[in-house]
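Taking the hints into account, I'd like the entire structure generated from these sequences.
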Amino acid sequence: MAAMIVDEPMATAEATAAATAAAPTVPGVRNFRDAGGTGALPRGVLYRSGALDRLTPDGARTLRGLGVRTVLDLRSAPEVADRPDALGGSGIRYLHVPVFAERRWPAEQAELYPLMGELAGRPVTAAVRQLLLPEHRAVLVHCASGKDRTGVVVALLQSLLGAPEAEVTADFLRSNTALGLTGADRAAAGAAAPGHAGLPVSAVHLRRALLSVRSHHGTLDGHLLAHGARAAELAALRGAFPPRSGAAAHG
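Start counting the sequence shown at 1; every next residue gets the next number (full-length UniProt numbering).
Simulated from the structure, these hints should not be mistaken for lab results. Small disclaimer: the values here were computed from a predicted structure and weren't measured. Misleading hints may appear alongside valid ones.
What the hints assert, rightly or not - If you anchor each label on the Cβ, the simulated ranges turn out as follows:
1. Ala107 - Ala240: 35 to 41 Å
2. Ala101 - Pro242: 33 to 39 Å
3. Gly239 - Thr219: 16 to 22 Å
4. Ser202 - Ala226: 22 to 28 Å
5. Asp82 - Ala166: 32 to 38 Å
6. Pro134 - Pro243: 32 to 38 Å
7. Tyr94 - Arg244: 30 to 36 Å
8. Gly228 - Gly67: 33 to 39 Å
9. Ala235 - Ala107: 36 to 42 Å
10. Ala166 - Thr219: 30 to 36 Å
11. Pro78 - Ser202: 24 to 30 Å
Think of the CB as a built atom: it goes at the ideal place given N, C-alpha and C, for glycine as much as any other residue.
Given below as structure tokens:
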């Protein structure tokens with residue numbers, strides 16, 4: 001498996017702020033950013049965000065302009081029914097591949113994240129298959145806030161393509177700034193979004209999710225094979241996105 005996440009990212013606060021500031025703005029969408037530029041994953045191929053239920057026509061045009069052709073919605077069936085993505089008429093393909101089928105999950109993050117790591121296998125496999133279809137690139141992965149379920153799925157995809165642990169962690173933690181879950185903004189954000197939506201993400205919890213994957217399946221490839229991926233698909237993905245010059249490959 002790729003290098004595992006450590007408790008503290010090595011990226012500087014300045015680098016994280018610069019990356020967050022450089023993220024494209026999509027009208028009506030929170031926490032949107034390019035998940036590429038890590039490991040062998042290039043920019044402009046995989047994006048991540050919160051829900052698209054308030055996506056505006058200008059936002060849809062922005063997504064199309066960025067190359068987004070497929071949206072992978074990780075939310076539960078009740079969430080989708082309550083707040084469907086506003087993709088009508090955009091020409092963007094919609095796939096619903098939930099992490100949790102129903103709106104029931106552990107209240108404690110320490111319990112939630114290992115479970116999400118296990119249940120993320122099917123959505124990650126679906127994303128791999130879309131990334132192997134050039135006509136469907138780029139892919140946008142989202143949940144409700146784009147931080148927990150999306151964070152784990154994207155971390156697994158980045159790790160699959162050899163992203164170093166510091167880069168995976170830094171990208172994961174950018175959701176805190178994007179959603180106002182740091183410093184003085186945290187109390188207001190938490191009050192406006194009770195439950196997990198108002199909690200900041202933590203490197204420790206992501207580490208637990210990825211350690212759980214490794215402890216149950218030995219490797220990330222083993223995890224995905226157990227959730228329906230084929231070895232030929234994983235090899236094809238790595239062939240489509242070979243390591244960048246000077247970047248280390250991870251298995």
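Next on the checklist: Taking the earlier hints as the rules, which of them does this structure contradict?
Outcome noted: Of the numbered hints, 6, 8, 10 do not hold.
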